[in-house]
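What follows is each chain in one-letter form.
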Amino acid sequence: VHLPFCRKRCHYCDFPIVALGSSASSPGGPGEGEDPRIADYVRLLLREVAATRPVSDDGVPLETIFFGGGTPSLVPPRLVAAVLDALRGRFGLSACPEVSIEMDPGTFDAAKLRELVGVGVNRVSLGVQAFQEELLRACGRAHGLREVHEAVGIVTACEGLQNWSMDLISSLPNQTQQMWEESLRCTVDARPTHVSVYDLQIEQGTKFGQIYTPGVFPLPNETDSANFYKIASKRLSEAGYQHYEISSYCKPGYECKHNVTYWQNRPFYAFGLGSASYINGVRFSRPRGMRNYADWVQKLEDGTWCHESSISETKDMAMDSVMLSLRTARGLDLHSFSKSFGEALTRSLCETFRPFVESGLVIAMDKEREALQFNEFESDLESEGEMSGSRMAFLRLSDPDGFLLSNELISLAFGTISP
Amino acid sequence: GQDRLQKVPITNIRNFCIIAHIDHGKSTLADKLLEMTGTVQKRDMKQQFLDNMDLERERGITIKLQAARMRYIMNNEPYCLNLIDTPGHVDFSYEVSRSLAACEGALLVVDASQGVEAQTLANVYLALESNLEIIPVLNKIDLPGAEPDRIAQEIEEIIGLDCSNAIRCSAKEGIGIIEILDAIVTKVPPPKDTLKNPLRALIFDSYYDAYRGVIVYFRVIDGSIRKGDKICFMANKKEYVADEIGVLSPNQMEADELHAGEVGYLSASIRSVADARVGDTITHFAKRAESALPGYSEATPMVFCGLFPLEADQFEELREALGRLQLNDAALKFEPESSSAMGFGFRCGFLGLLHMEIVQERLEREYNLNLIITAPSVVYRVNCSNNETVECSNPSLLPEPGKRRSIEEPYVKIELLTPKDYIGPIMELGQERRGEFKEMNYITENRAKLTYMLPLAEMVGDFFDQLKSRSKGYASMEYSVVGYRVSDLVKLDIQINGEPVEALSTIVHKEKAYTVGRALTQKLKELIPRQMFKIPIQACIGAKVIASEALSAIRKDVLSKCYGGDISRKKKLLKKQAEGKKRMKAIGRVEVPQEAFMAVLKLEKEVL
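Order-wise, the sequence lines are chains A and B.
For what it's worth, the UniProt record's numbering labels the leading residue of the first sequence as 1, then goes sequentially.
For what it's worth, the UniProt record's numbering labels the leading residue of the second sequence as 1, then goes sequentially.
Check the hints yourself; a few may be wrong.
What the hints assert, rightly or not - Some chain A residues close to chain B (C-beta under 8 Å, calculated; not the full set):
# : residue
1 : V117
2 : Y198
3 : A270
4 : L404
5 : L412
Calculated from the structure, these hints are not laboratory results.
Heads up, the beta-carbon is just placed ideally off N, CA and C, and yes, glycines get one too.
Generate coordinates for the entire structure from the input sequences, incorporating the hints supplied.
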């Protein structure tokens, strides 16, 4: 569920957001200074929910809900509650759903968080990004370091909230290795159950996109940037976090179930401006402009909008499967891939990765997730028998080197799937 | 126009050609002769009637020659004048010599403001060797810079030709044309009357017509030929029936019979121009001439290169296109070749650089093919340890060092004419290209002739371009192959990640190997995208690495976020990345973009 409101746009952000200005709701005083655009938008959201037909009538309930932004913590909790109620009413909620919300330092107080937890939120993703005042400023964040520490304090002190995640960005302009080590130390000290580490992407049309070139000062060069990634992997692993996806770490059992849904290529609904759903095998992105989105909701209600039923080709399904699974530590399940897309393609994929299994960027594993030696991998590959009979059961990218080259490796696989 | 078919006594026939440097006005003059004799009506006049290939018109040069029969009345006496056009480039000197052999005289046309150029000189010498009567013509006298007196003197000094009666003309303005026609009649000797002898006709050109097969252009030297005659090509040993014969005026006009001294065409269901090779002798099947006309020789390609289609699926189209060009170009040779870097293509042999360029251009322009062209190579002679001598034009097929005693390379004698101001830069060029300086003569006060012995391999690159740029366009050159010499040559191989790339192998002089190797490896490093592992790029002679670069591995290529909305976008990006990889060729594990090969091949042409 996209809640697009922010105080201001961060310099790296190219999301569809609505900047409210600095007067936007202060941490305290619920309702005070509330921007009418928020309530208007939530009404639109509720209309979309009401107009969306559940996929099946047998009532498989929602397992996870993610309020993303924007800065969802700018939205008054009663409005969040209204959306939750609507979703529950329309699709049902499972017995213990994961309900996450993104919150930015400086946009909430203990009371507001308590209220959110009160209406059913049980996971917080805190957008810290950096533990250095100058970096926060350079990013155009609407908060400073003091607010970061306050927010961490509020979240960790909140009763009834065990599960929370911290967001960090690496490769920021002028970021040094010392700064990055410091941010990771502070992160570990705050003891979140989950950490997301993003490597800064310079997007066209953003302020960063106008003034910076990737790899060129003040951005770190490729080697330094790769190093930041490796340091994060090392420090967080040492602190007991599992590196379960390219940019995600968690304490055992605290994977973000919502995101895991994406990477397992399972279906999901989406609501709100610019959000993307994957229902009945079709990926659909809603309009990114508020007016277009409102018109679209109107059409949805009128029943005059119909989904272009572009059934994905098998090739595309195979690509999705490879692209998403290779982002995770679990990797690609060769047996189920083989079942869906055939023995031959599975073999050619393994063949494509052969030199990289040898060089260690790709790891082949058996059912018990024991890594195979290269010669074992090769003999499996060369054996005449069926794939299902071989020891090899998974392929994954190694951490950190394989993950760091994931685009290269995945696009190689794409070349094999669609020659 | 039927009067042009009328027979005149053999004493009234004149066969002549025009010798001129590019741009000295040969085609314009030819046009004017046709116009003035009423052979072509003014309204039908296309500019430069004789050059009928686009390429020729664009470059202002003649590649395929043509002929034209004109009727000219002088002192109430009808004359039959046959103009036989000659190609103006040294690549085709054999063809030039054969068309000269079909004539008794030649107009030497020199631009009155430019003077004699190297190429003209070479062709004049050929004409003198064939005992042609040469009529000097000073053209473009209407131009403000014209100095006919000085140029006349230059011709006398350089060629030793009496220029006291040189005709001053302006083909463009129509000045002096009648004088030229009169001079042809009065000065050029008539053909010998050998009508009684068995037929011998000299083929001086042929072309392929899609409907009629090969059309052969010939000059009857002895005897006569009739429509329907059973004829025989003496060198080729093939027999045909002359279904159609006629004259060129300049369009084909059918005739029943052609006599000794006359020039004409025939068609006889001949399938390829290779079967009607220039220089061959046509005789009667039943009444054979005792011996063929002298001067015949097979086409020997001097320059080779690999031609590969940019798109692999154009291979068959390329084969077909080459086949079609060959129907019309007996000197073009080709055979299939495959290379790991370039895929499937052809190794092609050409008479020289211009010939190569023409073929390449026609393939691209007329057949819409996109080609990758490897650096041109010459034919080396390798003296092997087992005392055999093998010819080798493809560096990748050069016998291994252990199996060869020495390599010989073709040498050319090159004559350069230049204003004296550029002698210095031109001598530098000669030096750089391993030239052996022979002599320098001042042909006039301000112009010099430099003679070098130069390896042909040094000339097949950008020598001519360099000559032009270093002399601001004023120098001209002429060369002839003089034979083979042993040289200290090595095969330079390029290895990418330890894999040799055959298409990039070259044969270079040992002293140049280091520079060339450095240039090539540096260029490749620039152009090959970094990959997931470190890639050494090396230039080697045998096992010895003489230049080396290393392409560092990519350390990071990752998009960190991939949630619901990112999936489609990310997939698009990765698909694009995968497409990029597809356009590359795999050299071992390394993906090398086509552009990298092309750039290196281009560089090879420059640095070799």
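Status of the hints after comparison with the structure:
A hinted interface residue such as V117 of chain A counts as satisfied when its beta carbon comes closer than 8 Å to some beta carbon of chain B; here the least separation is about 23 Å, so the hint is violated. The criterion of a C-beta within 8 Å of any C-beta in chain B is met by Y198 of chain A, whose closest approach is roughly 5 Å, and the hint holds. Annotation: interface hint on A270 of chain A holds; nearest CB of chain B at approximately 6 Å, less than 8 Å. For L404 of chain A, the shortest C-beta to C-beta distance to chain B is roughly 5 Å, which falls under 8 Å, so the interface hint holds.
Checking L412 of chain A against chain B by beta carbon gives a least distance of about 7 Å; that is within 8 Å, so the hint holds.
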